[in-house]
Amino acid sequence: MPTRVRNAILAFLFVILLACPLVFRDEYVRFVLNNVAVNIILVMALNFILGFTGQVFLGTVAFFAVGCYSSALLTTKLGLTFWQAVPPTILITAALAFLLGLPTLKVKGFYLALMSTGFIVVVGDVLKNWSSLTNGVWGVSGIPRPELFGRVIETNVGFYYFSIALAAILAVLAILVEDSRFGRAFKVVRDDELAGEVVGIDSLRIKLLAFVMCGVYTGIAGSLFSSFQQFVSPEIYTFDYNSLFMCMLVVGGLGSVPGSVLGASLLTGLTELLRFMREKYLTLYAIIILVILIYQPGGLVALLGQAFAGIGGRRLAKAEQARKAR
Amino acid sequence: MAIVVQQVVNGLALGCVYGLIALGYSFIWNAVELVNLAQGSFVMVGAFIFGVTLTNMLKFPFIVSFVLLVMIMALFGIACERLFYRPLKNAHIRTVLVSLVALGMLLGNLSLIIWGPYPQATQGPFGQRLLTVGSVSVPYQNLFIIVVAVVLLAVQTVLFKRTTLGKVLRAVAQDKATASLMGIESDLAISLTFAYSSILGGIAGMLIAPLFVVETGLAAMGFKGFGACVVGSFGNIFGAFAGGVLLGVCEILGASYVSSLYKEAIVYLIIIGFLLFRPEGLFGKRREQSGL
Amino acid sequence: MKGREAVDKVLEVVDLSKNFGGVKAVDGLSFGMEPGQICAIIGPNGSGKTTCINMITGVLKPTSGTVRFDGRDITSMPRAEIARLGVTRTFQNLRLWSTLPVLDHVLAARYCRTKSGFFPSVFRSKSAALEEKANIELARELLGVVGLSGHENALAPSLPYGKRRLLEIARALATEPRLLLLDEPAAGMSSSEIDQLINLIFKIRDRGISVVVIEHRMKLVMTASDKIVVLNYGQKIAEGTADEIRCNEQVIQAYLGTAYSREVDEACR
Numbered sequence: 001m002p003t004r005v006r007n008a009i010l011a012f013l014f015v016i017l018l019a020c021p022l023v024f025r026d027e028y029v030r031f032v033l034n035n036v037a038v039n040i041i042l043v044m045a046l047n048f049i050l051g052f053t054g055q056v057f058l059g060t061v062a063f064f065a066v067g068c069y070s071s072a073l074l075t076t077k078l079g080l081t082f083w084q085a086v087p088p089t090i091l092i093t094a095a096l097a098f099l100l101g102l103p104t105l106k107v108k109g110f111y112l113a114l115m116s117t118g119f120i121v122v123v124g125d126v127l128k129n130w131s132s133l134t135n136g137v138w139g140v141s142g143i144p145r146p147e148l149f150g151r152v153i154e155t156n157v158g159f160y161y162f163s164i165a166l167a168a169i170l171a172v173l174a175i176l177v178e179d180s181r182f183g184r185a186f187k188v189v190r191d192d193e194l195a196g197e198v199v200g201i202d203s204l205r206i207k208l209l210a211f212v213m214c215g216v217y218t219g220i221a222g223s224l225f226s227s228f229q230q231f232v233s234p235e236i237y238t239f240d241y242n243s244l245f246m247c248m249l250v251v252g253g254l255g256s257v258p259g260s261v262l263g264a265s266l267l268t269g270l271t272e273l274l275r276f277m278r279e280k281y282l283t284l285y286a287i288i289i290l291v292i293l294i295y296q297p298g299g300l301v302a303l304l305g306q307a308f309a310g311i312g313g314r315r316l317a318k319a320e321q322a323r324k325a326r
Numbered sequence: 001m002a003i004v005v006q007q008v009v010n011g012l013a014l015g016c017v018y019g020l021i022a023l024g025y026s027f028i029w030n031a032v033e034l035v036n037l038a039q040g041s042f043v044m045v046g047a048f049i050f051g052v053t054l055t056n057m058l059k060f061p062f063i064v065s066f067v068l069l070v071m072i073m074a075l076f077g078i079a080c081e082r083l084f085y086r087p088l089k090n091a092h093i094r095t096v097l098v099s100l101v102a103l104g105m106l107l108g109n110l111s112l113i114i115w116g117p118y119p120q121a122t123q124g125p126f127g128q129r130l131l132t133v134g135s136v137s138v139p140y141q142n143l144f145i146i147v148v149a150v151v152l153l154a155v156q157t158v159l160f161k162r163t164t165l166g167k168v169l170r171a172v173a174q175d176k177a178t179a180s181l182m183g184i185e186s187d188l189a190i191s192l193t194f195a196y197s198s199i200l201g202g203i204a205g206m207l208i209a210p211l212f213v214v215e216t217g218l219a220a221m222g223f224k225g226f227g228a229c230v231v232g233s234f235g236n237i238f239g240a241f242a243g244g245v246l247l248g249v250c251e252i253l254g255a256s257y258v259s260s261l262y263k264e265a266i267v268y269l270i271i272i273g274f275l276l277f278r279p280e281g282l283f284g285k286r287r288e289q290s291g292l
Numbered sequence: 001m002k003g004r005e006a007v008d009k010v011l012e013v014v015d016l017s018k019n020f021g022g023v024k025a026v027d028g029l030s031f032g033m034e035p036g037q038i039c040a041i042i043g044p045n046g047s048g049k050t051t052c053i054n055m056i057t058g059v060l061k062p063t064s065g066t067v068r069f070d071g072r073d074i075t076s077m078p079r080a081e082i083a084r085l086g087v088t089r090t091f092q093n094l095r096l097w098s099t100l101p102v103l104d105h106v107l108a109a110r111y112c113r114t115k116s117g118f119f120p121s122v123f124r125s126k127s128a129a130l131e132e133k134a135n136i137e138l139a140r141e142l143l144g145v146v147g148l149s150g151h152e153n154a155l156a157p158s159l160p161y162g163k164r165r166l167l168e169i170a171r172a173l174a175t176e177p178r179l180l181l182l183d184e185p186a187a188g189m190s191s192s193e194i195d196q197l198i199n200l201i202f203k204i205r206d207r208g209i210s211v212v213v214i215e216h217r218m219k220l221v222m223t224a225s226d227k228i229v230v231l232n233y234g235q236k237i238a239e240g241t242a243d244e245i246r247c248n249e250q251v252i253q254a255y256l257g258t259a260y261s262r263e264v265d266e267a268c269r
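Chains as they are written, first to last, in this note's numbering: chain U, 1 to 326; chain Z, 1 to 292; chain E, 1 to 269.
Treat the hints loosely; a few may be bogus.
[Unchecked claim] With a straight-line Cα cutoff of 16 Å, these simulated EDC-like cross-link-like pairs (lysine to aspartate or glutamate) come out:
| no. | chain 1 | residue 1 | chain 2 | residue 2 |
| --- | --- | --- | --- | --- |
| 1 | U | Lys108 | Z | Glu33 |
| 2 | U | Lys106 | Z | Asp187 |
| 3 | U | Lys106 | U | Asp179 |
| 4 | E | Lys219 | E | Asp195 |
| 5 | E | Lys133 | U | Asp179 |
| 6 | U | Lys108 | Z | Asp187 |
| 7 | E | Lys163 | E | Glu176 |
| 8 | Z | Lys263 | U | Asp179 |
| 9 | E | Lys24 | E | Asp8 |
| 10 | E | Lys115 | E | Glu141 |
| 11 | U | Lys128 | Z | Glu264 |
| 12 | Z | Lys89 | Z | Asp187 |
| 13 | U | Lys108 | U | Asp192 |
| 14 | E | Lys115 | U | Asp202 |
Quick caveat, the hints were computed from the structure, so don't treat them as lab data.
For reference, chain U alone in the conformation it holds in the complex (with noise of 0.2 Å):
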């Protein structure tokens, strides 16, 4: 996808995520789009490893866990407020990306896919049973959102567009990341790491580059939803769960940041369109990626790039003629 097709339909997206609100006006809704917001972060977090560089690491939902967890413990037994919990926060959930990162040198395919489910269950017994810590089962409660310029963030609104804000910053810096010759290296790690070697690029470092970039990011996240829900337990991170995750980036378009927000907002739209269906929504989510899978690997947000591609080049031509007339 040529990167001004890409930047427009990042922007597009956005400025339809950023007029929700003035179209939905119940309570409700607003209370979902702030989902919409955290999960566009934890897609994009997913992206760095998965997508850029083509690691199939089946458990950021044990940093999603870590992120939640150090966000609400920090402020409620140490009182920290929001923003003083944010740095720590990244820096712990980066940490852990990091070493869990490292043994991806070793392991790999299936293997690693297998390690990826132990380590949520690792990560996710001990957030379950280290009560003195992390209060068990009961979870953590009475976390406090944030403040911003002066005024608490109270309504869902406008905690809708903190993060909105947020996720658009974060989605920026993905973008810029991915055209610097670091994105450049993910990506020669996903598709022939052999051949990045030979040409000096270590490919250990660069995997730990993006389990750190989803680990602050997934941190970020973390902070924000536990800080909305202003409650976090321990028994949502579970490896389905991660599965969403994953159904979001493949059907939005693996590899891409428009990808990551379109599928992230599509996917968790549908969930509540589909509540009606309770707990079988999950069976379309698999049909869906199948599908896309088999017949369109490059995901929704590859169809968007060719509708934008083809007015970017109606207006190139159409430009062109007027040039030609004078």
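Given chain U's structure and the hints, the job is docking chains Z and E onto it.
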């Protein structure tokens, strides 16, 4: 002392179930060089079909249910192979991994639709009865599991060594190209391999259903079966089974003597340890690291 | 005197061996190469040429023996570090990056020669932006050197086979190597394409890069090499200049019955 014996027997029973699941992985791996991440879902489906449909709802006697289970699982395995695994044959490993995870999700949720979201209890052929020898008490179901597993292994070994079908499956597992040159239909053999692995998964589900409740969470056992192959070995059938037994015993003993809260974590830490330091397993051969 | 000799050689392989199970792919191979030379390694299929190159570039670990680059022991070094020191290669079975456009291939290979750190690069600091611009210009220049100038934005799989080989060479050159190893660069090429390749190899040598070429195409080997090393069954059976090797009995014997025996015979006349 009695408690230790009980725990070991229980561990062996659980381990035999893991071993059967591991066998399913091993066969598919040897046939198509693919780790069937959805194997756990086969176990879950087997548990649902046997426990809920055949036993609870239709109330068939055990033998009838067993035979029906085997037939249904065989068909199910072949269907999965045709619909999902065949199109993935030459795909990139990333696509395969993502697809298999999706398949697991799909099966889990189809199960929710068919059998409802509530966990269900089911009785094995021996109910909750305990065998008591001296001061040792062990559920009959656990002994049953061990017996079934051992018998199955024995029958399988004989079938594979003696019958033509068995030899065909082994040939295809070892060298597809040569096998096809010798006129062996590898596609058919692969379908049969999936059918058999599916049967194994189903039997594992049947055996485990009375011990736990039947619910979609059962699919998580699949990963322990994968782990069992890592701990034992993928290539060696007995090694894979042994890996499962080992994990089962470690899980039960770990829960009793280390920490029952962290028992899942303990099992996975063992698996992670093997992945890091001995990925070929206890019985496998170290592969040359060529990086190519 | 002996110490000075060792430092003078850009590449030195000493008693290099590789066992795969019971098979000795390479058996006690030793040879050296002066800076600025073009050295060809030839031998029938299975003689160990690619295994040898894999060991030099760190792709495979030798069972025994030493590899020295500019006098420095690189035998057990990690691959990326060997590349950073100045040794790089192309692959017989072409390993390109299917989602990266042509220009990005060469640009990506500038990674190890780019000094800007993470934050300056990502936030486009002045010095980082300048470095990126310089890298792009160098990448374009290299594409021109190998003859791929018009194809900047094409994706690697869309290029014809010969051009994909040239892309691998351009990519390797982007790392500013001092030693470049080419694994069968002329495979599948026509006679005129081989002429162009020979010119390219000379151009590379003129930039101060020592070149090792694994090849079967005798036209390339006899025209371009300063030195030829001949392998058979993992062992060195001959070493010398083109004239010395051209009609060497053992070489002709080794290639007898293979696809290249006619080329070998023709080279002798």
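Each hint tested on the structure:
The hinted pair formed by U/Lys108 and Z/Glu33 meets the criterion: a straight-line CA distance of about 15 Å does not exceed 16 Å. Distance check on the hinted pair: U/Lys106 and Z/Asp187 sit about 33 Å apart at the alpha-carbon level, beyond 16 Å; violated. Of the pairs offered as hints, the one joining U/Lys106 and U/Asp179 is violated, with about 28 Å between alpha carbons and a cut-off of 16 Å exceeded. A C-alpha spacing of about 9 Å is found between E/Lys219 and E/Asp195, which places the hinted pair at or below 16 Å, so the restraint holds.
Proximity of E/Lys133 to U/Asp179 is assessed by CA-CA distance (about 13 Å); at most 16 Å being required, the pair is judged to hold. Of the pairs offered as hints, the one joining U/Lys108 and Z/Asp187 is violated, with about 28 Å between alpha carbons and a cut-off of 16 Å exceeded. The suggested pairing of E/Lys163 with E/Glu176 is violated, with an alpha-carbon distance near 21 Å, which exceeds 16 Å. Distance check on the hinted pair: Z/Lys263 and U/Asp179 sit about 45 Å apart at the alpha-carbon level, beyond 16 Å; violated.
With a C-alpha separation of about 30 Å, the suggested pair E/Lys24 and E/Asp8 falls outside the 16 Å cut-off, and the hint is violated. Taking the CA atoms of E/Lys115 and E/Glu141, the gap is near 20 Å; set against the 16 Å cutoff, the hint is violated. About 12 Å separates the Cα atoms of U/Lys128 and Z/Glu264, which keeps this hinted pair within 16 Å; it holds. With a CA separation close to 11 Å, the supplied pair Z/Lys89 and Z/Asp187 stays within the 16 Å bound.
Between U/Lys108 and U/Asp192 the alpha-carbon distance is near 14 Å, which keeps this suggested pair within the 16 Å criterion. Only pairs whose Cα atoms come within 16 Å are accepted, and E/Lys115 paired with U/Asp202 is accepted, the gap being roughly 15 Å.
Violated hints, in rising order: 2, 3, 6, 7, 8, 9, 10; the structure is consistent with all others.
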